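2 protein chains.
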Amino acid sequence: MIGPLEELVEALCSLPSIGRKSAWRLALHLMERPEDEAVSLAESIISVRRKVKHCSRCFNFSENELCPVCSSQSRDQSLVCIVEKPADVFAIEKSGRYRGTFHVLGGVLSPLNGITADKLRISELKARIGKEQIRELIVGLGGSADAEATAIYLARLFRNDNVRVTRLARGLPAGMELEYVDQITLSQALCERTDMQYGKE
Amino acid sequence: MIGPLEELVEALCSLPSIGRKSAWRLALHLMERPEDEAVSLAESIISVRRKVKHCSRCFNFSENELCPVCSSQSRDQSLVCIVEKPADVFAIEKSGRYRGTFHVLGGVLSPLNGITADKLRISELKARIGKEQIRELIVGLGGSADAEATAIYLARLFRNDNVRVTRLARGLPAGMELEYVDQITLSQALCERTDMQYGKE
Numbered sequence: 001m002i003g004p005l006e007e008l009v010e011a012l013c014s015l016p017s018i019g020r021k022s023a024w025r026l027a028l029h030l031m032e033r034p035e036d037e038a039v040s041l042a043e044s045i046i047s048v049r050r051k052v053k054h055c056s057r058c059f060n061f062s063e064n065e066l067c068p069v070c071s072s073q074s075r076d077q078s079l080v081c082i083v084e085k086p087a088d089v090f091a092i093e094k095s096g097r098y099r100g101t102f103h104v105l106g107g108v109l110s111p112l113n114g115i116t117a118d119k120l121r122i123s124e125l126k127a128r129i130g131k132e133q134i135r136e137l138i139v140g141l142g143g144s145a146d147a148e149a150t151a152i153y154l155a156r157l158f159r160n161d162n163v164r165v166t167r168l169a170r171g172l173p174a175g176m177e178l179e180y181v182d183q184i185t186l187s188q189a190l191c192e193r194t195d196m197q198y199g200k201e
Numbered sequence: 001m002i003g004p005l006e007e008l009v010e011a012l013c014s015l016p017s018i019g020r021k022s023a024w025r026l027a028l029h030l031m032e033r034p035e036d037e038a039v040s041l042a043e044s045i046i047s048v049r050r051k052v053k054h055c056s057r058c059f060n061f062s063e064n065e066l067c068p069v070c071s072s073q074s075r076d077q078s079l080v081c082i083v084e085k086p087a088d089v090f091a092i093e094k095s096g097r098y099r100g101t102f103h104v105l106g107g108v109l110s111p112l113n114g115i116t117a118d119k120l121r122i123s124e125l126k127a128r129i130g131k132e133q134i135r136e137l138i139v140g141l142g143g144s145a146d147a148e149a150t151a152i153y154l155a156r157l158f159r160n161d162n163v164r165v166t167r168l169a170r171g172l173p174a175g176m177e178l179e180y181v182d183q184i185t186l187s188q189a190l191c192e193r194t195d196m197q198y199g200k201e
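Chains as they are written, first to last, in our numbering: chain A, 1 to 201; chain B, 1 to 201.
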């Protein structure tokens, strides 16, 4: 017999990085706290799904037709960073250094897993390039083989579109000791080494 | 401006061992999965609070007036293990070795924090001893100073009640290397050492 407590544990188990033991602890916590605290969490989950949709231009999460980035006057609308998923938008926004806009692909190409170009928001990107005054596309995909292949696919796709296609720099992560850096990262950091201009005229 | 996504992150942050980073990951996961999966988690939380109440006898979680342990014919109703909270009942049940029933105190005495005997379910336990045929009380509280004090308080309280009061054995945890065991545990394991009867008649 499965009771409501076990059902809740099962539902919590399906969340990322929540095992059975954590799920039990969370479920018992939700039972022990005041009822309105538990109900308010449940309502937040429902409300986030009801209110938060996708921006019609960049496909980031948004409560309105256009997300705050797309509707902002202070963002450079001619600069578009292509990312895989909304979490990547949050990561880049947190850096505080990016003043352009985004385009959320919804994944990367992975033909073996059935993810072909028509499964991603590539035609929407193509349409944006035709319609908007886009000057540069920054490919902000990850470092997996699929992501690299997607980056190359996009660069080829837009080569005749009079738009500059760049990608995020590859090299040493901040604060990393050289001896712990993997060989591929080190090779890339060597290949793409930059000139040090400090102190020169 | 705080949107629904930030509200959900705040609610998730209040859960035990969920920090801001995990809360963001969980919230984005709930946005990316099919909507019914997120809604079903929310409904589980509400349902667990609506359906699961306290057993009227032992105060463990229960969907009915009496919990499965209290209403079971195969459990020894004359044996009562006193625990702090429902999670402790689950822990003992998981060991699979206990055939008695429980009494959930709802905490341990902690006068400095305002938790006096009347805040716990001690009068309810006293009433059970008068009403039910209870032969033995096993004090199954933790090892904190407050828990030890509560154990002594209970042993004194019931000394004239014609009921045996015992407590869980203290000693080495299973699989622990001797060199890593703390001094108090080692002292207790020494004091409460048991005879080895194997091979004797």
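FYI, nobody ran anything at the bench for these hints, they're computed from the structure.
Just so you know, not all the hints are guaranteed correct.
For chains that are exact copies, the list does not tell them apart, and a pair is met inside one copy or across any two.
Claimed, not checked - When the alpha-carbon atoms are kept at most 25 Å apart in a straight line, the in silico DSS-like pairs for lysine-lysine are as follows:
#, residue 1, residue 2
1, LYS21, LYS51
2, LYS94, LYS119
3, LYS51, LYS94
4, LYS51, LYS126
5, LYS21, LYS94
6, LYS126, LYS85
7, LYS85, LYS119
8, LYS126, LYS21
9, LYS119, LYS21
10, LYS51, LYS131
11, LYS131, LYS21
12, LYS94, LYS131
13, LYS126, LYS94
14, LYS85, LYS21
15, LYS53, LYS126
16, LYS21, LYS53
As the structure is a computational prediction, the values presented were derived from the model and not from experiment.
Tested hints:
no.	hint	in the structure
1	LYS21 to LYS51	between (32 Å within a copy, 22 Å between copies)
2	LYS94 to LYS119	neither (28 Å within a copy, 46 Å between copies)
3	LYS51 to LYS94	within (23 Å within a copy, 41 Å between copies)
4	LYS51 to LYS126	neither (28 Å within a copy, 52 Å between copies)
5	LYS21 to LYS94	between (32 Å within a copy, 12 Å between copies)
6	LYS126 to LYS85	within (18 Å within a copy, 59 Å between copies)
7	LYS85 to LYS119	within (14 Å within a copy, 50 Å between copies)
8	LYS126 to LYS21	neither (47 Å within a copy, 34 Å between copies)
9	LYS119 to LYS21	neither (37 Å within a copy, 29 Å between copies)
10	LYS51 to LYS131	neither (28 Å within a copy, 55 Å between copies)
11	LYS131 to LYS21	neither (52 Å within a copy, 37 Å between copies)
12	LYS94 to LYS131	neither (29 Å within a copy, 63 Å between copies)
13	LYS126 to LYS94	neither (27 Å within a copy, 58 Å between copies)
14	LYS85 to LYS21	between (29 Å within a copy, 17 Å between copies)
15	LYS53 to LYS126	within (22 Å within a copy, 56 Å between copies)
16	LYS21 to LYS53	between (33 Å within a copy, 22 Å between copies)
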